[in-house]
Structures are given as structure tokens and as C-alpha cells.
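Colleague: Kindly generate the complete structure, drawing on both the sequences and the hints.
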Amino acid sequence: MDRHLPVVNAVARSYGLSAPDREDAVQTVWLTLNQHLPRLRSPELLRAWLRRVTRDVCGRQRRQSARLRPVDPQSLPRDASAGAPSPESAYLRKEERDELRRAVLRLTDPGERRAALLYLDGNAGEPLAPDGPRSADGPGNPRAATNQRRRMLRRLRRLLEEPT
Amino acid sequence: MRNRPGTGPLPTWALEGRSSALAAFGRGDDAADVARLTGEATPTTEVLRSAGEEADGVAVAVLRFEHGELTMDVQVHSEGGLRALSGLATGECEHAVLHVRRPGSSDSLRVGEDGRFTLSGLARGPISLSLSRMGHPPVVTDWFTV
Numbered sequence: 001m002d003r004h005l006p007v008v009n010a011v012a013r014s015y016g017l018s019a020p021d022r023e024d025a026v027q028t029v030w031l032t033l034n035q036h037l038p039r040l041r042s043p044e045l046l047r048a049w050l051r052r053v054t055r056d057v058c059g060r061q062r063r064q065s066a067r068l069r070p071v072d073p074q075s076l077p078r079d080a081s082a083g084a085p086s087p088e089s090a091y092l093r094k095e096e097r098d099e100l101r102r103a104v105l106r107l108t109d110p111g112e113r114r115a116a117l118l119y120l121d122g123n124a125g126e127p128l129a130p131d132g133p134r135s136a137d138g139p140g141n142p143r144a145a146t147n148q149r150r151r152m153l154r155r156l157r158r159l160l161e162e163p164t
Numbered sequence: 001m002r003n004r005p006g007t008g009p010l011p012t013w014a015l016e017g018r019s020s021a022l023a024a025f026g027r028g029d030d031a032a033d034v035a036r037l038t039g040e041a042t043p044t045t046e047v048l049r050s051a052g053e054e055a056d057g058v059a060v061a062v063l064r065f066e067h068g069e070l071t072m073d074v075q076v077h078s079e080g081g082l083r084a085l086s087g088l089a090t091g092e093c094e095h096a097v098l099h100v101r102r103p104g105s106s107d108s109l110r111v112g113e114d115g116r117f118t119l120s121g122l123a124r125g126p127i128s129l130s131l132s133r134m135g136h137p138p139v140v141t142d143w144f145t146v
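Protein sequence lines, in the order shown, are assigned to chains A and B.
Under UniProt numbering, the first residue of the first sequence carries the number 1, and numbering increases by one thereafter.
Under UniProt numbering, the first residue of the second sequence carries the number 1, and numbering increases by one thereafter.
Hints in this document: simulated from the structure, not taken from any laboratory.
Predicted, not measured: the structure shown is a model, and the values here were computed from it.
Heads up, a few of these hints could be off.
Examples of chain B residues lying across from chain A (beta carbon under 7 Å, computed) [said to hold, decoys possible]:
{"#": "1", "residue": "LEU10"}
{"#": "2", "residue": "SER19"}
{"#": "3", "residue": "ALA21"}
{"#": "4", "residue": "MET134"}
Cβ coordinates follow ideal geometry from the N, Cα and C atoms, glycine included.
Modeller: This is the structure:
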């Protein structure tokens, strides 16, 4: 042990651990050696084995210490999940959407219903969506389409306000 | 030039920890099976707000030890200046008793029916767990530091 103690201490010191952490790590190395001694068959490999175990133990000790080092939260990379909706807001959003869908399905005009469903399902790029419901004045009349869309929204709002 | 053993005086630090190293040697474990450390996961990132006391409950290490069909998953938490362990033993471990081995001391507790166990108020330092099961030789984990 005396022959290898300087090597173990030298490797441990190279990890820059605090003195108590380093002492714990070195003691863990010797406890590990004691545990594995009956299984070690090649004395000439002991030095290399001790180096490896010391590196493993000290590396683990350093990672543990690093986890408890206080840091300024501003200095951390932004958490990718920070902007994601919380489960509560995602649930409320789904409820709103379901309620709107039920109201759309209660629209009596099939054209309005189809246009509203397309819009609701995010298919605003479909041919029907930009103009909203088909206007009696034809698809080429933007003012008529806008008026009709406004009427449809009014009807939808009334349906949503009706007691269920 | 580096001193080789027996060829010159060594710096004082080179022989630090000699007494604790000597104390580590004993032949009590020779009959036991060793559950090797087979996995180390990174605990979930948590941010500490203050530079004062260490935050309680922060997971500092997640370790897995395996021997045959027996697996022991251990999570190390900070508990102020102390440490706590929570773990799960899976495999054949009904009525198992867990011995908590520290240099110079030992303590034991019964593992729950679901294989779970918890330890708190542990001083920092080396630790090893030994699981005694009916009809099996004891299984000791590799030493690790909490």
C-alpha cells in the first residue's frame, strides 16, 4: 500500500477536489481495493488498476460536487421547455377548442359549418378558408365574404353564450 | 525529478490518508458476491438560488449496481450538510435486510416488500450497501461516496 499511496494521492490531487472530498475519494479507492483484492490476479497490473479506480471515484466525486455548486440562473442556457405550455394551460386550451367545435357543428348552414371547421382545424390555406363561407354573391366578392364571415362569427358567439 | 519509492524523500501529501487506507483492509467481504457499479445517470438539473446552505433534496447521483438477477438502483440526495439515499432493489429480495456499511461502522434496515429502501442523515464519506437474502450469499455493492 505504501508503494501505491503516492500514485493514488497524486491522481486524486489532479482533480482539484476540496480536501474533505479528496480524502473521501482516496479512502473509497482503498476500500474498493480491499473488496476486490481476492479477485486481483496480476500484481503487475495493480498500479494501472488503482489509477483507473482513482480516476473513476474522483470523477464521480467532482460531478457530485458540481451539482451542489450555486450558480446564477441567468448564466445557465435557457431551458428549452420554458416556453412550452403547462399541462393546465394545454388542458384549458383543448377544452376551449372542443367547445368551439361543438358550437361549429350546431351551425345550420352547411357552407358556414364547413368553412368554420376548416379554419378550426388549421387548414386556413385551403381554398375555402380565406374567403370564409361561400358568399351568395360568389367567391369573387371579398366584401360579401367578409360580411358573411362576420355573421357566422356572430352566430357562433351566440351559440357559445347559450346555456348548455 | 519525481521521487520513486525508496529512492528519496516523498512530499508529505504523497502519504496522506495512510491511516484511513490501512483501516480499509479487512477480509470480512471475501465470501460475499459483489454487485458492480454498472450505471451512473445524470440527475435532473436543478438550479440553486442561494450560495448559502446546500439545498435539501437535490439529487447528486443516480447509481445502478448489478449482480446476476439482482439490481439495486440508488439515488443520493443532499440533506443540508448530510446525505440521504433512496433505492430500489429488484430481483429475488423478499425479506431482505440491507446493511449500510461505513468505514468503522455498520447499520441495518429491512427492505420494503416492494424492494424500496430509504436512508437519511448520512454523514458524507464512503459507503457500501450489503443485501442479505434468505438462501443466498450476501451481495455487497462497490464502495461509493455520498
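Colleague: None of the hints should be skipped; say for each whether it holds.
Modeller: Status of the hints after comparison with the structure:
For the restraint placing LEU10 (chain B) at the interface with chain A, the shortest Cβ-Cβ distance is roughly 6 Å, inside the 7 Å limit, so the hint holds. This hint is violated: SER19 (chain B) has a C-beta 10 Å from the nearest C-beta of chain A, more than the 7 Å allowed. For ALA21 (chain B), the interface hint holds, since its Cβ comes within 7 Å of a Cβ in chain A; the closest pair sits about 4 Å apart. Nearest Cβ of chain A to the Cβ of MET134 (chain B): about 24 Å, over the 7 Å cut. The hint is violated.
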